[in-house]
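Engineer: So the sequence lines, in the order shown, correspond to chains A and B. In terms of my numbering, the first sequence has 240 at position 240, counting the first letter as 1, and numbering is strictly consecutive. In terms of my numbering, the second sequence has 777 at position 474, counting the first letter as 1, and numbering is strictly consecutive.
Possibly wrong hints are sitting among the right ones.
[Unchecked claim] A few chain B residues facing chain A, derived, Cβ under 10 Å: (1) Asn346; (2) Glu350; (3) Leu358; (4) Pro500; (5) Asn523; (6) Glu524; (7) Met548; (8) Leu549; (9) Ile556; (10) Asp747; (11) Asp846; (12) Asn847.
These aren't lab readings, by the way, just hints derived from the structure by calculation. Beta carbons are placed, not taken as given, at the ideal position from N, Cα and C, and that holds for glycine.
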Amino acid sequence: MLKYTIKRVGLAIVSVLIVSAITFFAMNLIPGGPFNKEKASSPAVQQELERRYNLDKPVPEQYVLYMKNVLHGDWGVSLKSGRDIWTDIQMKFAVSAKLGGSAALVAIIFGIILGSIAALTRNKLPDRMIVFLTTLGTAMPSFVLATLLLLVFCLQLKIIPVWSSSNPNYVLPIIALSIYPMAYITRLTKTSMLDALNQDYIRTAKAKGVPAVWMIFKHALRNALIPVITYVGPMVAYILTGSMVVENIFTIGGLGTSFVTSITNRDYTTIMATTLFLAILMVVANLLTDLAYKLVDPRITFE
Amino acid sequence: MKKIVSMLLIAAMSIGLMACGGGNNDQGASNDAAVDTTTLKINLASEPDYLDPALNSSVDGGCLAVNSFVGLHTYDAEGTLIPAIASEYSVSEDGTVYTFKLIESKWSNGDALTAKDFVYSWNRVADPATAADYSYLFAIIATNEDGTLKIEAPDDYTFVVTLTNPCPYFLDLTAFPTFFPVHQASVEAANPDGTNPGAWAQEAGFVCNGAYTLESWAHNESMVYVKNENYYDAANVTMDTLEFMLSADDTAIYAAYNSNDLDFIDSVPNDEIAAVINNPDFYIVDQLGTYYIGFNVNDPLFEGKTVEQAAKMRQALSLMMDRSYIAEEIGQTGQVPADAFVPQGMADGNGGIFNTADDEGYYDATTTGLTQAPAAMALLEEAGYTFTDNGDGTYEVSPAISMTYLTNEGTGHEAIAQVLQADFATIGIDMEIKVEEWNVFLDDRKNGNFTIAREGWVADYNDPINMLEIFLSTSGNNDMQLGKEKNSYAPDWTEYDALLAEILTTTDFANRVNLMHQAEDMLMDTWAVIPLYYYNDVYMQKDNVDGVFSTVFGMKYFMYSTKSAE
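Here chain A stands alone, though its shape is the one from the complex:
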């Protein structure tokens, strides 16, 4: 287990390094630059800015300089606003993680419960209703859902303000963020639960007279969770880093918008930081997922 973990961590570091190199060179290939404006600034200003941020050096040299700084904990400043990137990412991630974490929790808990209900009431009314709702949930794009929530709760029912500087309301964005993964987890749980319920060991358990609750939670659900865990790992990494659509509609200062605007702004340092941040989260999530398999199913070996 320890050996495996060390190996995985080593691989993870290599992956992150590869991601950093690809991103760095790819972003320098896109036309346009961070200091392009409708009203062009003078060549002297452009020059000074390029010098200040090392953009006047060859790209490979810029990469080496950048990585050296990052390894020393210096993520630089945003080329667009001059704000310290690490402070910025921490602040935005705190917002996104709060929202995304709640949304992930809602999605996982409701997904597993609804999926189990659907499996246990197969082809009966609750199952049918759940299947209908999850189909709707997976089919509806988040911008439609978010706008719909805004329309119903803020403009029609008027129970939640569209925007407030004093106490921003996070209920709607959490709903908007959680519906899709919740629907997906429901379907996964249902399928694999049905699979598990048909296994011999369940029949054996029933024959032995194991109480139904015990049978479902200990025997069926536990085995049914493997596919769910596979999905949940990367899903959590994504949901924690925010969603541009939801953030824009509900005016939330999360990390999701930075992924997109940093690219349109050619804000190189922010592009790198957001990408690396997501990459690191992603490899950590994958690592944890693999370790979670072992907890759920001790038969799984890593060697």
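Keeping the supplied structure of chain A fixed, place chain B upon it in accordance with the hints.
Structural biologist: Using the frame of chain A, we list chain B on its own:
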């Protein structure tokens, strides 16, 4: 089994209730709450890049700057320049030395604001190490041998500025955000090594001298500005608090306005304009700027033509552009079709207006479009093209003319491109539309990688030179590439450069107006710059709000506003 299912259902419901309960502590959503008449809730745009007035170059950032900083002068509700930190000034006989008498005023932290602050602040913007976008505005001020500006503070409340030449718009600039003072101690403390000049104003609580100080800033969500008791005119500030929604999402902004979570919005979604344009809370105000179409004069399309023929081809296309249709159907807010490049209503620097609606203009902007097809075809025939009538009101041109129109993403921009495409098609000209992402678009346009492109310019100060300077051959904004390459079909641009140099140095303001008219004539003669309409500015403001005013540069002043309970 049933028991288990119902158990699960109960679990699901109780978690659901818990989750909702968590968010419901926010009782009394704004809709039901009593109207807070001391707070104005505003949306201008998304998070500004810089709040440092020296580094900001956006209009929304400028609005924040004029509400939290103030310079030597400012504007009143009528758009008149009025004294602010400078109580009076005198000008030397030759018009180059300005002596300002300053009032005794304070920074928001209580420090005294003196002429030394202006010396520091202006030199800071002009210093290339600061890399301020608007540093070029300081080029009108004379420099010392060490490169610093020729500005002095003989005592704490006297500020002397020496210009290289008399400048009719200099006083206007003293009300422009780039010329506002900044607090030296704060700036230097936040940027000890000189690599991040804007660092001092990146969080709430920075020192300023305007009507409001920034009390809190939730990045990309909201900003709260509160009244600055040390503001020189604090006694007359009627609004206590300004809250800004930091968003550029049309849907969210418009929804927030309609749910009464905002009192003032500076943008209205394009497809809502028709529905609200006649409402009393919809405002249209003047703005100095021109939406125009630009041709790259070095484009291979004109190869083999003479300079005159190339200009006639462009003039023909200008005639085909249906400006009234574009202004009415796409602009929708009463934009005036443009018949000159310098926007109507701009001052001429000699006490008059440069172009007025009554002036003749370079063509009749209200009749351009399909009815001008015969005239357009006649011009193209002079450039060596022939036309055959298709019998259905359309024509075929030989040899074929095809070109690509470059624009950035945007409903309005793309719709205008389509109108032009249809207009040109009637005389057989094939125009393709290429929509590019903003940053790529700027690059391609600047480098002349286009034949015809969408352009626009909103003035920074009220003088035609601001519009004419764009086309200096050395200008970074000269997307038309005038004077940038020598070839047989592009106009010789040395005379224009010389003319502008003369305008910048002349001491005779009456003659300066003539020279600027000459420059505009020269520019319009190339037909490389084709004005479509003059910009105006729209915003929405709730009926219970009063006293917000705006300048022709798009700056909004909120401090003297009031809000009634109904």
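Engineer: Decide, hint by hint, whether the structure agrees.
Structural biologist: Structure-based check of each hint:
1. Interface restraint check for B/Asn346: the shortest CB-CB distance to chain A comes to about 8 Å, inside 10 Å, so the restraint holds.
2. Hint status for B/Glu350 relative to chain A: holds, with the closest Cβ pair at about 8 Å, below 10 Å.
3. For the restraint placing B/Leu358 at the interface with chain A, the shortest Cβ-Cβ distance is roughly 8 Å, inside the 10 Å limit, so the hint holds.
4. Nearest Cβ of chain A to the Cβ of B/Pro500: about 8 Å, under the 10 Å cut. The hint holds.
5. Given hint, B/Asn523 at the interface with chain A, holds; its Cβ is 3 Å from that chain's nearest Cβ, closer than 10 Å.
6. At a threshold of 10 Å, the smallest CB-CB gap from B/Glu524 to chain A is about 4 Å, leaving the interface hint in force.
7. The criterion of a C-beta within 10 Å of any C-beta in chain A is met by B/Met548, whose closest approach is roughly 5 Å, and the hint holds.
8. With a least beta-carbon distance of about 7 Å to chain A, the hint placing B/Leu549 at the interface is held under the 10 Å criterion.
9. The beta carbon of B/Ile556 comes within 8 Å of a beta carbon in chain A, closer than 10 Å, and the hint placing it at the interface holds.
10. Nearest Cβ of chain A to the Cβ of B/Asp747: about 8 Å, under the 10 Å cut. The hint holds.
11. The restraint placing B/Asp846 at the interface with chain A is violated, with a minimum CB-CB distance near 19 Å, outside the 10 Å limit.
12. Among the interface hints, the one on B/Asn847 is violated; its C-beta lies about 18 Å from the nearest C-beta in chain A, farther than the 10 Å criterion.
Hints 11, 12 from the list above are not met by this structure, while the remaining hints are.
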